[in-house]
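Enquirer: Here's the letter readout for the chains.
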Amino acid sequence: MRKNIGIKIFTTALIVFLSLSSVLNLNLLVGALKTAREDDLGFGELVGEIKTSYTSDFKSKDAYINFNGLFARLSGRTVYNNVALLENGMLVNDSVNKSDTDTYSKNIIEFSEYLESTDREFLYVQAPYKLDIKGELTNDGIVNYANVYADEMVSALNTAKVDTLDLRPFLSADAKTIEKYFYNTDHHWNTSGAFLGYTKVVEKIQDMLRLESIDEKYTSEASWNKKTYKDIFLGSLGKRVGKYYAGVDDLTYYYPDFKTNMSCYVPKHSAFYKGDFADAVIRKNQVEKVDYFNLSPYSVYLGGDYPIVQHRNPDAPYNLKVLIIRESFSAALQSFMSTVFSEVEALDPRHYKDSSIAEYIECYNPDLVMLMVNPSIMGASYYFNYGIEKAQPFNNAKNEVSVFENKDIEVAPTDSAYNYVRVTENLSANTKYTVSFEDIDFKIGKGNLATVALFNADTKQLVSSQSFDIDYCRKTDSFEWSFITPDTSQNFCLLVYAGAHGKTENKHVIWKNCSMKKYN
Amino acid sequence: MLFTSLEFLFCFFPITLAVYFILPTKARNYWLFAVSLLFYAWGEPIFMLMMLVSIAMNYVFALRISELDKGARLRKFMLFVAVAANLGILFVYKYMNFVTGTLHDFFPFTKELFGQTSFVLPIGISFFTFQAMSYVIDVYRGIPVQKNLCYLGLYISFFPQLIAGPIVRYTTIAEEINSRTITFSSFSKGMLRFIYGFNKKMLLANILAQVADHAFAQDELSVGLAWLGIICYTLQIFFDFSGYSEMAIGLGLMFGFKFLENFNYPYISKTITEFWRRWHISLGSWFRDYVYFPLGGSRVKSKLRLVFNLFVVWLATGIWHGAAWNFILWGVLYGIIITAEKLLSVPQFSDRHKLFSIPYQIFTLLMVMFGWVLFRAEGLSAAVDYFKAMFGISSTSLWDAAAGFYFKDYFVILLAGIICSTPLLGFCKNKLISTGKVGIVTADIITYTTQTILFLVGVSYLVMNAHNPFIYFNF
Numbered sequence: 004m005r006k007n008i009g010i011k012i013f014t015t016a017l018i019v020f021l022s023l024s025s026v027l028n029l030n031l032l033v034g035a036l037k038t039a040r041e042d043d044l045g046f047g048e049l050v051g052e053i054k055t056s057y058t059s060d061f062k063s064k065d066a067y068i069n070f071n072g073l074f075a076r077l078s079g080r081t082v083y084n085n086v087a088l089l090e091n092g093m094l095v096n097d098s099v100n101k102s103d104t105d106t107y108s109k110n111i112i113e114f115s116e117y118l119e120s121t122d123r124e125f126l127y128v129q130a131p132y133k134l135d136i137k138g139e140l141t142n143d144g145i146v147n148y149a150n151v152y153a154d155e156m157v158s159a160l161n162t163a164k165v166d167t168l169d170l171r172p173f174l175s176a177d178a179k180t181i182e183k184y185f186y187n188t189d190h191h192w193n194t195s196g197a198f199l200g201y202t203k204v205v206e207k208i209q210d211m212l213r214l215e216s217i218d219e220k221y222t223s224e225a226s227w228n229k230k231t232y233k234d235i236f237l238g239s240l241g242k243r244v245g246k247y248y249a250g251v252d253d254l255t256y257y258y259p260d261f262k263t264n265m266s267c268y269v270p271k272h273s274a275f276y277k278g279d280f281a282d283a284v285i286r287k288n289q290v291e292k293v294d295y296f297n298l299s300p301y302s303v304y305l306g307g308d309y310p311i312v313q314h315r316n317p318d319a320p321y322n323l324k325v326l327i328i329r330e331s332f333s334a335a336l337q338s339f340m341s342t343v344f345s346e347v348e349a350l351d352p353r354h355y356k357d358s359s360i361a362e363y364i365e366c367y368n369p370d371l372v373m374l375m376v377n378p379s380i381m382g383a384s385y386y387f388n389y390g391i392e393k394a395q396p397f398n399n400a401k402n403e404v405s406v407f408e409n410k411d412i413e414v415a416p417t418d419s420a421y422n423y424v425r426v427t428e429n430l431s432a433n434t435k436y437t438v439s440f441e442d443i444d445f446k447i448g449k450g451n452l453a454t455v456a457l458f459n460a461d462t463k464q465l466v467s468s469q470s471f472d473i474d475y476c477r478k479t480d481s482f483e484w485s486f487i488t489p490d491t492s493q494n495f496c497l498l499v500y501a502g503a504h505g506k507t508e509n510k511h512v513i514w515k516n517c518s519m520k521k522y523n
Numbered sequence: 008m009l010f011t012s013l014e015f016l017f018c019f020f021p022i023t024l025a026v027y028f029i030l031p032t033k034a035r036n037y038w039l040f041a042v043s044l045l046f047y048a049w050g051e052p053i054f055m056l057m058m059l060v061s062i063a064m065n066y067v068f069a070l071r072i073s074e075l076d077k078g079a080r081l082r083k084f085m086l087f088v089a090v091a092a093n094l095g096i097l098f099v100y101k102y103m104n105f106v107t108g109t110l111h112d113f114f115p116f117t118k119e120l121f122g123q124t125s126f127v128l129p130i131g132i133s134f135f136t137f138q139a140m141s142y143v144i145d146v147y148r149g150i151p152v153q154k155n156l157c158y159l160g161l162y163i164s165f166f167p168q169l170i171a172g173p174i175v176r177y178t179t180i181a182e183e184i185n186s187r188t189i190t191f192s193s194f195s196k197g198m199l200r201f202i203y204g205f206n207k208k209m210l211l212a213n214i215l216a217q218v219a220d221h222a223f224a225q226d227e228l229s230v231g232l233a234w235l236g237i238i239c240y241t242l243q244i245f246f247d248f249s250g251y252s253e254m255a256i257g258l259g260l261m262f263g264f265k266f267l268e269n270f271n272y273p274y275i276s277k278t279i280t281e282f283w284r285r286w287h288i289s290l291g292s293w294f295r296d297y298v299y300f301p302l303g304g305s306r307v308k309s310k311l312r313l314v315f316n317l318f319v320v321w322l323a324t325g326i327w328h329g330a331a332w333n334f335i336l337w338g339v340l341y342g343i344i345i346t347a348e349k350l351l352s353v354p355q356f357s358d359r360h361k362l363f364s365i366p367y368q369i370f371t372l373l374m375v376m377f378g379w380v381l382f383r384a385e386g387l388s389a390a391v392d393y394f395k396a397m398f399g400i401s402s403t404s405l406w407d408a409a410a411g412f413y414f415k416d417y418f419v420i421l422l423a424g425i426i427c428s429t430p431l432l433g434f435c436k437n438k439l440i441s442t443g444k445v446g447i448v449t450a451d452i453i454t455y456t457t458q459t460i461l462f463l464v465g466v467s468y469l470v471m472n473a474h475n476p477f478i479y480f481n482f
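First to last, the sequence lines map onto chains A and B.
For the first sequence, the numbering used here gives the first residue as 4, with consecutive numbering after it.
For the second sequence, the numbering used here gives the first residue as 8, with consecutive numbering after it.
You can take every hint at face value.
Keeping only pairs whose Cα atoms sit at most 30 Å apart, straight-line, the calculated DSBU-like set for lysine-lysine is: (1) A:Lys-246 with B:Lys-415; (2) A:Lys-101 with B:Lys-415; (3) B:Lys-196 with A:Lys-64; (4) B:Lys-265 with A:Lys-11; (5) B:Lys-444 with A:Lys-11; (6) B:Lys-415 with A:Lys-179.
In case anyone wonders, no lab produced these hints; they're calculated from the structure.
On a predicted model such as this, the values are computed, not experimentally measured, just so you know.
With these hints in hand, go ahead and build the complete structure from the sequences.
Expert: Here it is as structure tokens:
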């Protein structure tokens, strides 16, 4: 009897485990059946639906991932689930996608020449990588070409005399430096690394544009406060292997110890943040609690990656418009840069699809365009295609034609959140327009944001829009927006809102002294 | 559907089991038949129709054969038709394109006459076709026929062994189909077997596969990596296949069916002959009982006839495994070695001479590994290239960084795999118990706790969405 008790306990425990897990996950089967009925799926599709549900939504998935990583670590695996564990305990990608650096560098050179022809500056910033090796190998036999691709790119651009800043010597020259400036479990640099990167970028831009020097508070760590959260961050690489494989990271964010007054607008979500630096760019919801798999504390700056982010700072020492063609390494860096440049806009080619990059530049008209790419994503072609041929005609169109001039546009109040006035109709297709204002007067209600938009009256869809930080625009006299109409014969109209799009209820607004031009 | 999938472990299996034990005894076979069809349809619904055709066809054949007098010519003819029909289905789905492709290569004019089919290979067709055929042949040989179509359907399509064996003889479970008892003890044993098999598949086969896949994917590799790759594949295929068989046996036990063992530590075999008594036992015994013995077996007058009989069996074994020349060559090579062992009485000589048996045992293992190169490589040409790399003919070096990395990173699993492919663990456990160093209960607690933890690790791999189909699904 005693002999068999072990196997009976074992069996009972397994039955309990299987039963509990099955019951807890029964909703996945029910959900799949429901979806199959609603969408009239065939048997094969239902099978696919069930499989997908169980693999993506299985209960306690995070615990299993952690457990799995622990087993991998205990069994001596140093490369696991596409993540390599270095000797210093840091995690890195085991490989990166192949990069066509020959083609991409040629595209960048062409792009920089195009910008130069349009009186704009260009800077290529080579973001650093978590490996200091200049060759191919990481952990014996694992080949990671990231630095090789970065070397090829920097070399090609230097040969072509494109302004280039390689951050790798400052941030990833050796293992000790990497340990200081990178997260253990994430592929990104930490805030300290981002800050050093920011100071080097500012130095480079100062040098390029021969800018006067500014108060050292902007680039001195001593003038910035730090807030640290311990053991809060399981990075992108750590999420693949669990928290027991290489531990978790602390997260520190910086914010200035000096007074700031700025704004940050994310058009995709119509989200407007205004106040000091922390109000504008710090998203504390990412660090308010510990949730290793569902939160990303790295996104404490800006909250994530968006197609466009618009920073405005009327008190910035440099009255310059900087456009960053960015990836996720830019999150903290662009936020820091917004303290020294009056306008910083960041365009993320992974997410921005409204037009080509060159067309966006044509409309936004930055003084400097900065492209920053980290070596692990140099295989991604969308960072290296700019659509110059699409923008060229608009750049060549110098003949200004007035559509209307010096008129006040009144938007009477309604209770709609999207209250607007149609200013013009039947705009020409595939044409660049610029609309400008002197000011916005709130007769009833208040607001710190006001929207103009290009609207397709045939499809009833917004094509593009601009929301002005009223305070900033008043201080810098920059109520101006350029846009390009799509190349289709439809009824495109300019809309002017009673304040911010989605927040116009009961507001009475006059847009003062408006003018609109088109360019042939 | 895979046993090693979340939807099987936490949806299909618990529901099947729960309903099975709730239903009255009479209804249980019907339930198992229904869920087995669902299990098979999970991969591709059209396959289920083919399965039903096979069941119906063999039901009719067996019934007809059983009604005819023994010795009647029609009876023999019906058997011939039954075997031809089963092999015909197998040929059409599995071998037709290979044959037409070969004819096209050797006789280009045939391209004008016939093309290739677009039939998809139904999963496990070789297994259930042989299983169904064995039933009809056994009815011909005198076993009572199964008159209940659903019961026969259950035998042919029973989901634990449907798609990767073991090939179960009808006589093994005939009694259990009609009446079986399940005790908590037998259920527990079934669960333990299932967990053993699951752990082998998830934690040994799937992980070692990463090394093998890497080695076989290289155009150039060092001698060290080539050998490491084939050692890992040797272990992978064993744990993959034996793991699946153990899961099948375990599941069978949980429903009250006792399947025979399909593997018995094949890599400790002293001769190739012994290897095939320990590897995929159900297939070896099938060919023995339905091909070798009917041809006369070893009890034939001339050595030439013996050689012929063995050649037929091993050619058929190679063909069964796949419609490609490397499988045929694999089977034929085994046939040559086994024939030589038989003619030269190697097993008997090896038993009597220790000095010979140890080197020959090493030779046996090496031959098995070389056979796996043929099995794994993508065609004959790739197999030849791999052999060249193993023997330094076309390798980049003796040892390189990649070989060093894979050896280091997978060392623990590799060592575990080597140990688990032998009876060493069981031997040590029994020795500790018999010498009183560890009590039975303690030993069992350690065993069950370890297996449970490993099971949870295996589940964690499923959650991580590792791609893990079984190798023998292709047969």
